[in-house]
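Based on the sequences and whatever the hints tell you, model everything.
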Amino acid sequence: MATTHGYDVHTGPVTGAVPAQAVPAQVVPAPVVEPSAVERRAARRPVDYAWAVARIGLGWVFLWAFVDKVFGWGFATPAERAWINGASPTTGFLKGTGENALGGVFSALAGQGWVDWLFMLGLLGVGTALLLGAGLRVAAVAGGLMMVLMWAAALPLETNPFIDDHLIYAIVLTGLALTGAGTTWGIGTWWATTPLVRRHPILR
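Heads up, the sequence shown is in this note's numbering, so the first residue is 1 and it goes up one at a time.
Incorrect hints may have been included.
Taking CB as the label site, the calculated pair distances span [to be verified]: (1) Trp60 - Leu118: 16 to 26 angstroms; (2) Ala76 - Gly113: 17 to 27 angstroms; (3) Thr193 - Glu80: 13 to 23 angstroms; (4) Pro195 - Leu157: 42 to 52 angstroms.
Hints were generated in silico from the structure; no laboratory data involved. All C-beta atoms, glycine included, are put in the ideal place defined by N, C-alpha and C.
As structure tokens, this is what we get:
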């Protein structure tokens with residue numbers, strides 16, 4: 001008896017015949033096309049440039065604080081209090097917190113070498129990251145922690161019940177990281193494509 005797909009050519013449909021299985025079509029993913037530099041520039045909004053200006057400006061604040069404390073160029077740090085001349089870059093601030101709410105905790109850290117190194121490396125690292133537009137997530141965490149600690153050391157505040165410039169800096173750092181501000185006037189786009197950052201996105 002000749003049958004074709006459950007149908008006998010002489011007698012009609014064959015009961016119990018197994019229908020032919022349909023072969024699903026293979027789905028080929030569309031290639032990922034990275035936007036060109038021209039397309040990225042065209043897609044930017046005015047707010048992206050505003051965040052870029054804030055990033056560069058705040059980066060200079062951190063980096064200049066590092067340079068001035070190292071060399072004592074006479075702006076906020078006189079030459080005799082320069083780090084390269086043996087002075088501690090944290091002693092003046094920390095000792096000045098002695099009468100504050102948490103002064104006992106912070107004043108005890110004044111003049112300790114590891115505190116000086118952590119503080120100065122933080123200024124250098126955060127400032128460099130902000131100016132370049134790379135590693136903004138790490139910079140936001142490190143810089144934000146520094147600012148919150150300095151805010152806590154100054155409590156109670158003299159000019160405002162609870163907000164000062166340190167908290168504002170911490171908030172801006174968070175915004176810079178969340179908005180990817182390093183892609184405008186920075187190397188953030190290139191940095192995000194490096195193998196290291198692809199493996200560890202926290203470094204973006």
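To see whether the hints hold, each was checked on the structure:
1. Trp60 - Leu118: 16 to 26 angstroms: With a Cβ separation near 21 angstroms, tryptophan 60 and leucine 118 satisfy 16 to 26 angstroms, so the hint holds.
2. Ala76 - Gly113: 17 to 27 angstroms: Since alanine 76 and glycine 113 have Cβ atoms about 21 angstroms apart, the given range 17 to 27 angstroms holds.
3. Thr193 - Glu80: 13 to 23 angstroms: violated (47 angstroms)
4. Pro195 - Leu157: 42 to 52 angstroms: holds (45 angstroms)
Hint violations for this structure: number 3 only, all remaining hints satisfied.
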